[in-house]
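K.L.:
Take a look at the letters that make up each chain.
Number of protein chains: 2
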Amino acid sequence: MGLLIVGSIGLDTVETPFGKIEDALGGSATYISIASSYFTQSTNLVGVVGEDFGEKNIELFKSRKINLDGLQIIKGGKTFRWGGKYHNDMNNRDTLFTELNVFENFNPIIPERNRKDEFILLGNILPSLQLQVLEQVPNPDFIVCDTMNLWINIAYDDLLKVFSKVDALIINDSEAKMLAKESNLIKCARIIREMGPKYLVIKKGEHGALLFGDDFIFSAPAYPLETVFDPTGAGDTFAGAFTAYLYKTKNINKENLKRAVIYGSVMASFCVEKFSTKAIENLDDLKINKRFNEFLTMSKFEYD
Amino acid sequence: MGLLIVGSIGLDTVETPFGKIEDALGGSATYISIASSYFTQSTNLVGVVGEDFGEKNIELFKSRKINLDGLQIIKGGKTFRWGGKYHNDMNNRDTLFTELNVFENFNPIIPERNRKDEFILLGNILPSLQLQVLEQVPNPDFIVCDTMNLWINIAYDDLLKVFSKVDALIINDSEAKMLAKESNLIKCARIIREMGPKYLVIKKGEHGALLFGDDFIFSAPAYPLETVFDPTGAGDTFAGAFTAYLYKTKNINKENLKRAVIYGSVMASFCVEKFSTKAIENLDDLKINKRFNEFLTMSKFEYD
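Chains as they are written, first to last, in my numbering: chain A, 15 to 318; chain B, 15 to 318.
The following block holds chain A by itself, in its conformation from the complex:
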């Protein structure tokens, strides 16, 4: 029973025009599960870290009531590390280093009690690992998948296998164009949905997000931020909130999907306000719903 989350967990060194942090909590599954924890207490994390991961980070997960049965802590192992630097416009970043460490031999082993989880969110990891997860959970109700340009380039066939099994795919606009080999996003959506996912979310950063279903398109605004402090993890945070809200509703319909996109946008808009997971560690329903209402106000108009 719950929302199963699989992805990377790491320690990030990030430089932005506003400052620098070293070995701060990061990784796709980290952002996803923290975002999810505001919508359900059945957030089940599967991932791997080394002995150096730090008790403080474990405690953070626990304080958010994230279930860590599926967290492998490798004795003597070192945690996955990533270093990146953002340019002035914050839309582009350079990867400075990637140390896979214990993540190199990561085998996502789903604990017995999580094999009946109804929802799965496959965070951005190697598509073959995403497939391994799906093999262990035979009958989920709803599968959401995130991915990245790297896998489109080097693991396209596995990615197509994943797509054929998932219900919803979340990608950004440049990934959508790369995947569909097409520049018009509306055409992209048609092409990508033919690869499998019934629902597709295309994130457009400062331009908001588009949700595509069988008979509808939903256009969500972006939160009007004057300053993006650190964009790391915003996409993962979006995916976590999107999926966890749907899990909470237990009802995949158009209105819930639209709200899920807004909750994803809300949580991502918080995420970028501080380094690492700092801005999403201490939220509450009041803050989240206040921002949800700001999205509502910003996009609402009526026929006169």
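Hints listed in this document are in silico derivations from the structure and should not be mistaken for laboratory results.
A portion of the hints provided could be inaccurate.
It does not matter which identical chain is meant; a pair holds if it fits inside one copy or across any two.
[Stated by the list, open to error] Simulated pairs of lysine-lysine, DSS-like, Cα-Cα distance not exceeding 27 Å: (1) Lys179 to Lys70; (2) Lys92 to Lys292; (3) Lys288 to Lys264; (4) Lys201 to Lys304; (5) Lys304 to Lys292; (6) Lys314 to Lys99; (7) Lys218 to Lys175; (8) Lys288 to Lys201; (9) Lys264 to Lys79; (10) Lys191 to Lys268; (11) Lys304 to Lys34; (12) Lys201 to Lys99; (13) Lys195 to Lys175; (14) Lys288 to Lys195; (15) Lys264 to Lys304.
Values in this document were obtained by computation on a predicted structure and should not be read as measured data.
Position chain B relative to chain A; hints supplied.
P.N.:
Chain B alone, transformed into the frame defined by chain A:
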């Protein structure tokens, strides 16, 4: 009494990946006034053409009940001509030629009966000509202004004088960034509104439009078009519908401004479906309101 429109009127030669037309009806005031004509029968056009403009084009204006008292037809003169070619992604175009012809010595003379027009829409022309218009109409209720990158570059001081006098400015995102010397559109809006305009619309093409006022931001979606046949005039059409809807309501409030942005987007979405003004020549309230409702459906969500 009415909405005074000043801008260029020309004959366009346009090449897109879908075909080519020669000497087709074009110009900012043309698109603006045709769009306006669906919202008010007090559309008062001021512009200049040559003797070669063509009776068919005059008849089109008349059929749309556009008042042509301010249209100067220069005997023996040649109409302004522009030629452009769009690239495959339709976001960029090359100007192939510009023949100013009678437009070179254009002096916008506002007919006596239009000097009491309550609304003015200054289409995209030389800022000094926009100022000339304002000098002749001493006391309008509401002034909307369009401009382009060329004037930001070569007539910046005059443009600032225009901005200090107008109520609303409509520009696209690249122009906003150029004008504000800033890449974040939210910051851009703050900087540009300090130049004068109380209301600012930033058009973002396939990403919709943003409207900024004193205490609100409105984010409008784009119509999900798979094919943009010819983008020429879309911005002018937006401005025409935006302003004419506000003129029709006689009430500048937040809800009307938001609807005006949607009507602008609706009319622009029609405009790009065919060459020249073809797609906006034969619309009706039913078609316009049907598309307005599609914008509503596309952006509507509710708190659960």
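K.L.:
All hints are to be evaluated individually against the structure, with a verdict given for each.
P.N.:
Right, here's what the structure says about each hint:
no.: 1; hint: Lys179 to Lys70; verdict: neither (36 Å within a copy, 58 Å between copies)
no.: 2; hint: Lys92 to Lys292; verdict: within (23 Å within a copy, 65 Å between copies)
no.: 3; hint: Lys288 to Lys264; verdict: neither (32 Å within a copy, 45 Å between copies)
no.: 4; hint: Lys201 to Lys304; verdict: between (35 Å within a copy, 23 Å between copies)
no.: 5; hint: Lys304 to Lys292; verdict: within (19 Å within a copy, 45 Å between copies)
no.: 6; hint: Lys314 to Lys99; verdict: neither (37 Å within a copy, 37 Å between copies)
no.: 7; hint: Lys218 to Lys175; verdict: within (25 Å within a copy, 36 Å between copies)
no.: 8; hint: Lys288 to Lys201; verdict: between (35 Å within a copy, 19 Å between copies)
no.: 9; hint: Lys264 to Lys79; verdict: within (20 Å within a copy, 55 Å between copies)
no.: 10; hint: Lys191 to Lys268; verdict: within (25 Å within a copy, 36 Å between copies)
no.: 11; hint: Lys304 to Lys34; verdict: neither (30 Å within a copy, 51 Å between copies)
no.: 12; hint: Lys201 to Lys99; verdict: between (33 Å within a copy, 23 Å between copies)
no.: 13; hint: Lys195 to Lys175; verdict: within (18 Å within a copy, 46 Å between copies)
no.: 14; hint: Lys288 to Lys195; verdict: between (34 Å within a copy, 25 Å between copies)
no.: 15; hint: Lys264 to Lys304; verdict: within (23 Å within a copy, 33 Å between copies)
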